[in-house]
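Peer 1: Residue numbers (my numbering), protein chains in the order written: chain A, 2 to 249; chain B, -3 to 226.
Since the hints were derived computationally from the structure, they do not count as laboratory data.
Think of the CB as a built atom: it goes at the ideal place given N, C-alpha and C, for glycine as much as any other residue.
Misleading hints may appear alongside valid ones.
[Unchecked claim] Beyond 12 Å from chain B on every Cβ pair, some chain A residues (computed):
#	residue
1	VAL38
2	VAL41
3	HIS44
4	ARG110
5	PRO184
6	MET195
7	ARG215
8	GLY225
[Unchecked claim] Estimated spans, in silico, between C-beta atoms of each pair:
#	chain 1	residue 1	chain 2	residue 2	range
9	B	GLY224	A	HIS208	42 to 48 Å
10	A	SER203	B	ASP0	40 to 46 Å
11	B	THR213	A	GLY92	54 to 60 Å
12	B	PRO214	A	LEU211	55 to 61 Å
13	B	ALA69	A	ILE192	48 to 54 Å
14	B	GLY94	A	LEU211	37 to 43 Å
15	A	SER153	B	GLY94	39 to 45 Å
16	A	GLU158	B	GLY143	23 to 29 Å
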Amino acid sequence: MRRLPLAAFRVLELGAAPAATYCARLLGDVGAEVIRVEPVARHDGPDERRRSLHMNRNKLGCSLDLSHPRGRDLLLRLAARSNVVIEGLAGSEKERLALTYEAFQAARRDIIVASVGGPEEETSISVADVTTGTAAAGAVCAALLHHRHTGSGLRIEISARATARTPALSPDPHSQERRLFEPVSHPDGQIKEMAGLPWRFSETPAHVRLPAPRPGEHNRYVFGDLLGLSSQEMAELEREGVIGRRDG
Amino acid sequence: MNEDLLAGILIIDLSQGVAAAYCGRLLAGCGADVIRVERPGVGNSSRVSDPEEHLNAGKRGITLDYTQPTGAALLRRLVEGADALIEDHPPDFLGSLGFGYRELNTANPRLIVVSVTLDGSGGPFAEHLVGLNAFAATLVGLLSAAGIERGQHIEVAGGECLAAAASLPGIDLGRTPSPLLDPSEPADMMGVPLKAGRAPRPGEHNDEVYRGVLGLTPEELLSLREAGVV
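Isolated chain A, as found in the complex (with noise of 0.2 Å):
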């Protein structure tokens, strides 16, 4: 197979703002290893588990209590062994949990940091933050590329811009063409296909790969593999709810 255009890297992913769940989703589209943190206990209703399908392709996902101190503690061990770090937390969280650019400077010298925000109180996807969520995927590019020139990480700030209601995007529906949609095999077969990558590369094609990951489904991986926790130790921080139980 192949290689992905962005195969060389891992992006850690924190936050609910649409705009940087959609800029994490582009990166894993063209191939980076994308981990996406959530919280230990979600209760998402049927809407927002269908658009968590679209929104999550092409991620891994783990679960992990950011407020209790190991939490966190294991999430900085994560972007030390991570290129970038999208999130979109809101403000006041990210406040009391002490995520800043500075926390995460410090588990990783020359990590890169994209803080993606959306418009407070967000309940749904607007247009902005798919303009917004694509932007940023491209400023973490260009922060890849001077990352490779000069060693050094940086910080980006991007928020969605302030919306207003037009009559707006209406696609031409010709122009939908059935190449855009690719089939999907999800373990619940709540969908069968979605829409893939506009981008066609001659030399990396990239598809949707991966489903949107389970609850907790790459704890193993990500806790056991990449962190080096043995079974005992994520025995015990599952009890604790420090991490997730898998497909809790």
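For chain A, the structure is supplied; the task is to place chain B on it using the hints.
Peer 2: Relative to chain A, chain B alone:
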């Protein structure tokens, strides 16, 4: 953001329309050296109706008629030293001039070629969204060039960019960002200021590009001017 993120990266901007020109503008705003190529005496179509000042700010501007063989030879030399080429010509137009992807790749095996297709019916917001997609795709391509040790052709399908956004469950299509291309607004990227600069006048940087980058003599440049090539 550090405004020189893309220092040392050379982009050839053959854009005609807004989306591709906006892509070049964002790359220039991140510090890339973006050379905008216009036909002598014509100007590109995006000049006619759109806020060219914002679309082309921070680029260098040259004039070059690459439909003439002498001009095509100069474009080939520019391509040899470039990292990426952005274009939005009708399919096969560049191919008919000897600049199909295969020929471009022969001239510069590491070149990233980004072709933007957009039928122009989507309005300013569509141009904005597709321009952002082209910007991100170009940077992904530049990153990939080192990984796979060769360039590639990336097609950014404008209509599909819109359809992909519209297909997200629960997306609210009735709210869009205030357009970035509004001439009354300062140029930025989602609140991040882009590197300052103004749009070049047509051919403003002919001397520094043809003489400084390609090493032409003043006499050569003069004769190209007289022949209407630059």
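Peer 1: State for each hint whether it applies.
Peer 2: Do the hints match the structure? See the list:
no., hint, result
1, VAL38, "holds (22 Å)"
2, VAL41, "holds (24 Å)"
3, HIS44, "holds (17 Å)"
4, ARG110, "holds (16 Å)"
5, PRO184, "holds (14 Å)"
6, MET195, "violated (7 Å)"
7, ARG215, "holds (18 Å)"
8, GLY225, "holds (28 Å)"
9, B:GLY224 <-> A:HIS208: 42 to 48 Å, "holds (47 Å)"
10, A:SER203 <-> B:ASP0: 40 to 46 Å, "violated (30 Å)"
11, B:THR213 <-> A:GLY92: 54 to 60 Å, "holds (59 Å)"
12, B:PRO214 <-> A:LEU211: 55 to 61 Å, "holds (58 Å)"
13, B:ALA69 <-> A:ILE192: 48 to 54 Å, "holds (52 Å)"
14, B:GLY94 <-> A:LEU211: 37 to 43 Å, "holds (41 Å)"
15, A:SER153 <-> B:GLY94: 39 to 45 Å, "holds (41 Å)"
16, A:GLU158 <-> B:GLY143: 23 to 29 Å, "holds (27 Å)"
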